[in-house]
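Protein chains in written order, with this note's numbering: chain A, 3 to 398; chain B, 8 to 376.
In case anyone wonders, no lab produced these hints; they're calculated from the structure.
Incorrect hints may appear among the rest.
[To be verified] To list a few chain B residues with every Cβ distance to chain A over 12 Å, as calculated:
| hint | residue |
| --- | --- |
| 1 | 11 |
| 2 | 26 |
| 3 | 32 |
| 4 | 120 |
| 5 | 157 |
| 6 | 196 |
| 7 | 205 |
| 8 | 242 |
| 9 | 329 |
| 10 | 350 |
| 11 | 359 |
[To be verified] Below, a list of computed lysine-lysine pairs in the DSS-like style, where the Cα atoms sit at most 25 Å apart:
| hint | chain 1 | residue 1 | chain 2 | residue 2 |
| --- | --- | --- | --- | --- |
| 12 | B | 330 | A | 127 |
| 13 | A | 127 | B | 22 |
| 14 | B | 22 | A | 155 |
[Stated by the list, open to error] Okay, the calculated beta carbon distance ranges per label pair:
| hint | chain 1 | residue 1 | chain 2 | residue 2 | range |
| --- | --- | --- | --- | --- | --- |
| 15 | B | 233 | A | 154 | 38 to 46 Å |
| 16 | B | 59 | A | 380 | 43 to 51 Å |
| 17 | B | 45 | A | 380 | 20 to 28 Å |
| 18 | A | 84 | B | 200 | 25 to 33 Å |
| 19 | A | 102 | B | 30 | 29 to 37 Å |
| 20 | A | 84 | B | 92 | 54 to 62 Å |
| 21 | A | 32 | B | 362 | 46 to 54 Å |
| 22 | A | 381 | B | 95 | 45 to 53 Å |
No experiment lies behind these values; they were computed from the predicted model shown.
Cβ atoms here follow ideal geometry from the backbone N, Cα and C, with glycine treated the same way.
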Amino acid sequence: MTKMSSIAAGAQRPVPFWRNVRVLRVLSQIVFIILVVIILGTLFLNMKRGLESRGLWGGFGFLKLEAGFDIGEGIAYDLSDSYARAFLVGAVNTLRVPIVGIALATVLGLVTGIARLSSNWLVNKIASVYIESIRNTPLLVQLYVWYFAVIMKLPRIKESLVLPGPVFISNRAVALPWPVPSTSFRAWVPYLIAALVVAGTIGVIRAREQRRIGRPPFSGLWMVLAFIGIAALGWFLSPKPLFIVSVPSLKGLNYQGGVILTPEFTALLVGLVVYTGAFIAEVVRAGIQSVSRGQIEAARALGLSEGLILRLVVLPQALRVIIPPLTSQYLNLAKNSSLAIAVGYPDLFNVAGTIFNQTGRAVQVIVLIMGSYLSISLFTSLLMNIYNRRVQLVER
Amino acid sequence: MRPPSTSIGVLGWLKENLFSSWFNTLLTFVSLVVIYVVLRGLLVWALTQARWEVVTTNLTLFMIGPYPRQQIWRIWACLIMVILLGGLSWLVWGGLSRVPSAEEPSSVSPARGWVRWGRILRKARRWVILGWVLSFPITLLLLQGLKGSSILPPVGTNLWGGLLLTFVLAVISIVLSFPLGVLLALGRRSSLPVVRIFSILYIELIRGVPLVTVLFMAQIMLPLFLPEGVRVDKVIRAIAGFTFFTAAYIAESVRGGLAAVHPGQYEAAKALGLSGIQTMVFIVLPQALRTVIPPIVGQFISLFKDTSLVAIVGLLDLLNIAKSVVAQPEFMGLKREVYFFVAIIYFVFSYAMSHASRKLETALGVGER
Numbered sequence: 003m004t005k006m007s008s009i010a011a012g013a014q015r016p017v018p019f020w021r022n023v024r025v026l027r028v029l030s031q032i033v034f035i036i037l038v039v040i041i042l043g044t045l046f047l048n049m050k051r052g053l054e055s056r057g058l059w060g061g062f063g064f065l066k067l068e069a070g071f072d073i074g075e076g077i078a079y080d081l082s083d084s085y086a087r088a089f090l091v092g093a094v095n096t097l098r099v100p101i102v103g104i105a106l107a108t109v110l111g112l113v114t115g116i117a118r119l120s121s122n123w124l125v126n127k128i129a130s131v132y133i134e135s136i137r138n139t140p141l142l143v144q145l146y147v148w149y150f151a152v153i154m155k156l157p158r159i160k161e162s163l164v165l166p167g168p169v170f171i172s173n174r175a176v177a178l179p180w181p182v183p184s185t186s187f188r189a190w191v192p193y194l195i196a197a198l199v200v201a202g203t204i205g206v207i208r209a210r211e212q213r214r215i216g217r218p219p220f221s222g223l224w225m226v227l228a229f230i231g232i233a234a235l236g237w238f239l240s241p242k243p244l245f246i247v248s249v250p251s252l253k254g255l256n257y258q259g260g261v262i263l264t265p266e267f268t269a270l271l272v273g274l275v276v277y278t279g280a281f282i283a284e285v286v287r288a289g290i291q292s293v294s295r296g297q298i299e300a301a302r303a304l305g306l307s308e309g310l311i312l313r314l315v316v317l318p319q320a321l322r323v324i325i326p327p328l329t330s331q332y333l334n335l336a337k338n339s340s341l342a343i344a345v346g347y348p349d350l351f352n353v354a355g356t357i358f359n360q361t362g363r364a365v366q367v368i369v370l371i372m373g374s375y376l377s378i379s380l381f382t383s384l385l386m387n388i389y390n391r392r393v394q395l396v397e398r
Numbered sequence: 008m009r010p011p012s013t014s015i016g017v018l019g020w021l022k023e024n025l026f027s028s029w030f031n032t033l034l035t036f037v038s039l040v041v042i043y044v045v046l047r048g049l050l051v052w053a054l055t056q057a058r059w060e061v062v063t064t065n066l067t068l069f070m071i072g073p074y075p076r077q078q079i080w081r082i083w084a085c086l087i088m089v090i091l092l093g094g095l096s097w098l099v100w101g102g103l104s105r106v107p108s109a110e111e112p113s114s115v116s117p118a119r120g121w122v123r124w125g126r127i128l129r130k131a132r133r134w135v136i137l138g139w140v141l142s143f144p145i146t147l148l149l150l151q152g153l154k155g156s157s158i159l160p161p162v163g164t165n166l167w168g169g170l171l172l173t174f175v176l177a178v179i180s181i182v183l184s185f186p187l188g189v190l191l192a193l194g195r196r197s198s199l200p201v202v203r204i205f206s207i208l209y210i211e212l213i214r215g216v217p218l219v220t221v222l223f224m225a226q227i228m229l230p231l232f233l234p235e236g237v238r239v240d241k242v243i244r245a246i247a248g249f250t251f252f253t254a255a256y257i258a259e260s261v262r263g264g265l266a267a268v269h270p271g272q273y274e275a276a277k278a279l280g281l282s283g284i285q286t287m288v289f290i291v292l293p294q295a296l297r298t299v300i301p302p303i304v305g306q307f308i309s310l311f312k313d314t315s316l317v318a319i320v321g322l323l324d325l326l327n328i329a330k331s332v333v334a335q336p337e338f339m340g341l342k343r344e345v346y347f348f349v350a351i352i353y354f355v356f357s358y359a360m361s362h363a364s365r366k367l368e369t370a371l372g373v374g375e376r
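So that you can see chain A by itself, here it is in the shape it has in the complex (with noise of 0.2 Å):
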């Protein structure tokens, strides 16, 4: 009876404030801001002051003067441009990569990762080369080996290989026969207008008939069916030509129409492709592993073909577990993208490292460089962030 008193008791003296939980969650807290202020204000000052010593401490006014130097390739600039042009050159040419490397990469990974399943023998075993070989070396000797091995070493533009299309290959320059639309062009954008307009005006209808009847009504084959109407309704009502399929050709020692791509840009590309292929390779492999036998078993039961069975039960569930690390690749590819130095392809980076060693405006160089690499990632992940809602979404 006494011990259950002096417990009670115990229970009513106030806690010491130094044992007061709250207490001490906020005290904690103010210690480690103020310690953080400390240390990354004393990095500031200190950075501030060796900086102002030397005259470049300031803005981001130097971007205004002139940039001066030369840049290989992308959106029209001149010597006598800014060092901003120049910065945003840079930025397009860094665009360029993941825009068409991501859609490259993932066909790659797609087919070899369905490969790697492949119950040939011989098909598993080339994929399963690959994507080890690959995985298993550092990138940056992989865009060596591009470069320098394999694009320089191809023959002359005298002798540039030949593909039918034409495409000419050689070590200075791809070529590749390129639609530019014509002017009569602009005869069909009304059409394509219209077309999309009707789709979309399809899905939210469909969307809606879905959420009444509870069965999925193909919204998606309606709209793709009514935009494929209508646009080739206007492809057949407008003038033609629309478009004039520029091809490229030799003149002395230059290719001239199409579209050339650069050694630089060829090699990133091609470099960035085959490495993050293999990383999708896996990723689609894991995937569709995922998805328990006992599904597959159960729709071959129930009589649907080999293709059905992909198509139906296994990809909506291998979708689900794809997405996610399917997103992080897309993302490795495009801040891979920066190592573009290696090889001279006037990226963000590259230009930005360039724009440093003229003027030496190291923090404000830094911050550009890892604000635009940020502004990147954080785009990408919020389109694949939004599939992935909608993909989640099917599978309930």
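Please arrange chain B on chain A, whose structure you already have, making use of the hints.
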């Protein structure tokens, strides 16, 4: 009756794995053509055209870079120490510990012998772990040398290079980034909002930018951050860059491990009267870290490959040595041979490590619970 000859033996295997349908047959022939073309091109080049003397002449350069040749015994000493420790670890964890399980458990006196054996083994393991821990300062001391010593004259880090530098960078960075990563992971799960937000900002910022920008920043900004007169050499700057970068990724792996610890474990620890820190140190972290060993080995492998990026900021690692070898006047233009060789070195080590990590994963039985 025997099964038909087409369903057993070599023929059966061929039919099942290569020619099971017309489509598979087609794939088989296409693959054969691809293999023939690639292998033939590769073999003809490697055996008849390639001038491998560029590799054999420069082998020492590839391995240790410009490290003074008279001091090469120091690297051998480190290597022998690591191999010895590796062998001992294999013995006490692998080879010798498997012996008891083969014995009959029913007979009493041998069982007692095994108990004693187990005690000896446990003691031996403690010594081996101590050996590993001590091997770090010993290796660094051997490589760096002592000022004013005649047996171990100092060797500046600007003379470290080749595969040696690659390994030094990777090992030191992973060892340093591990505690930082664990702290960040705990910070991200902390109930204190300030700590949590700080950790999230750090992790997401680092994961959103390419490694090469972090390295670039470490090379340029680190000297600026420090008070004037304090100089940090390039290798340490690179290690700092790798450490800050890898810590963010390790934090995410560890966070996964922490999330995998059953909430009942926390409650049980609380019921036993353990404090928050005690719960973390004795209950949660041991379980969480066990599950994250495979991803951290994976992180080490990718760090090993990523050390090649220091070639961009001008350190003499394996890849940069390759670049300098390619520029040697007597071996002008032998880029294929050199880069191919470098790729093979990276491949051998990464493949061996990922193979070992898969073994480790099975041994730990991570995926099986």
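_Is the claim that residue 196 of chain B lies outside the interface with chain A correct, judged by CB distances over 12 Å?_
15 Å, holds
*Hey, does residue 350 of chain B actually stay past 12 Å from chain A on C-beta?*
With a cut-off of 12 Å, residue 350 of chain B comes too close to chain A, as the shortest Cβ separation is near 5 Å.
*Quick one: work out the minimum CB distance from residue 157 of chain B to chain A and report holds if it exceeds 12 Å, violated otherwise.*
39 Å, holds
*Are residue 59 of chain B and residue 380 of chain A spaced within 43 to 51 Å by their CB atoms?*
48 Å, holds
*residue 381 of chain A paired with residue 95 of chain B, Cβ distance criterion 45 to 53 Å*: 52 Å, holds
*Determine whether the Cβ-Cβ distance between residue 84 of chain A and residue 200 of chain B falls within the hinted range of 25 to 33 Å.*
For residue 84 of chain A and residue 200 of chain B the Cβ distance comes to about 43 Å; the hint is violated.
*Is the hinted pair residue 127 of chain A and residue 22 of chain B satisfied, with a Cα-Cα distance of at most 25 Å?*
Given that 25 Å is the threshold and the Cα spacing comes to 17 Å, the pair holds.
*Minimum Cβ distance from residue 26 of chain B to chain A greater than 12 Å, as the annotation requires*: 9 Å, violated
_Given a hint of 46 to 54 Å, does the C-beta separation of residue 32 of chain A and residue 362 of chain B actually sit inside it?_
Check passed, 50 Å falls within 46 to 54 Å.
_Please check whether the beta-carbon of residue 120 of chain B is more than 12 Å away from every beta-carbon in chain A._
Its Cβ never comes within 12 Å of chain A, the nearest being 45 Å, so this holds.
*Take the C-beta atom of residue 45 of chain B and the C-beta atom of residue 380 of chain A, compute their distance, and say whether it sits inside 20 to 28 Å.*
Because 40 Å falls outside the window, the suggested range is violated.
*Assess, step by step, whether the Cα of residue 22 of chain B is no farther than 25 Å from the Cα of residue 155 of chain A, and give holds or violated.*
42 Å, violated
Against the hints set out earlier in the document, violations occur for numbers 2, 3, 7, 9, 10, 11, 12, 14, 17 and 18.
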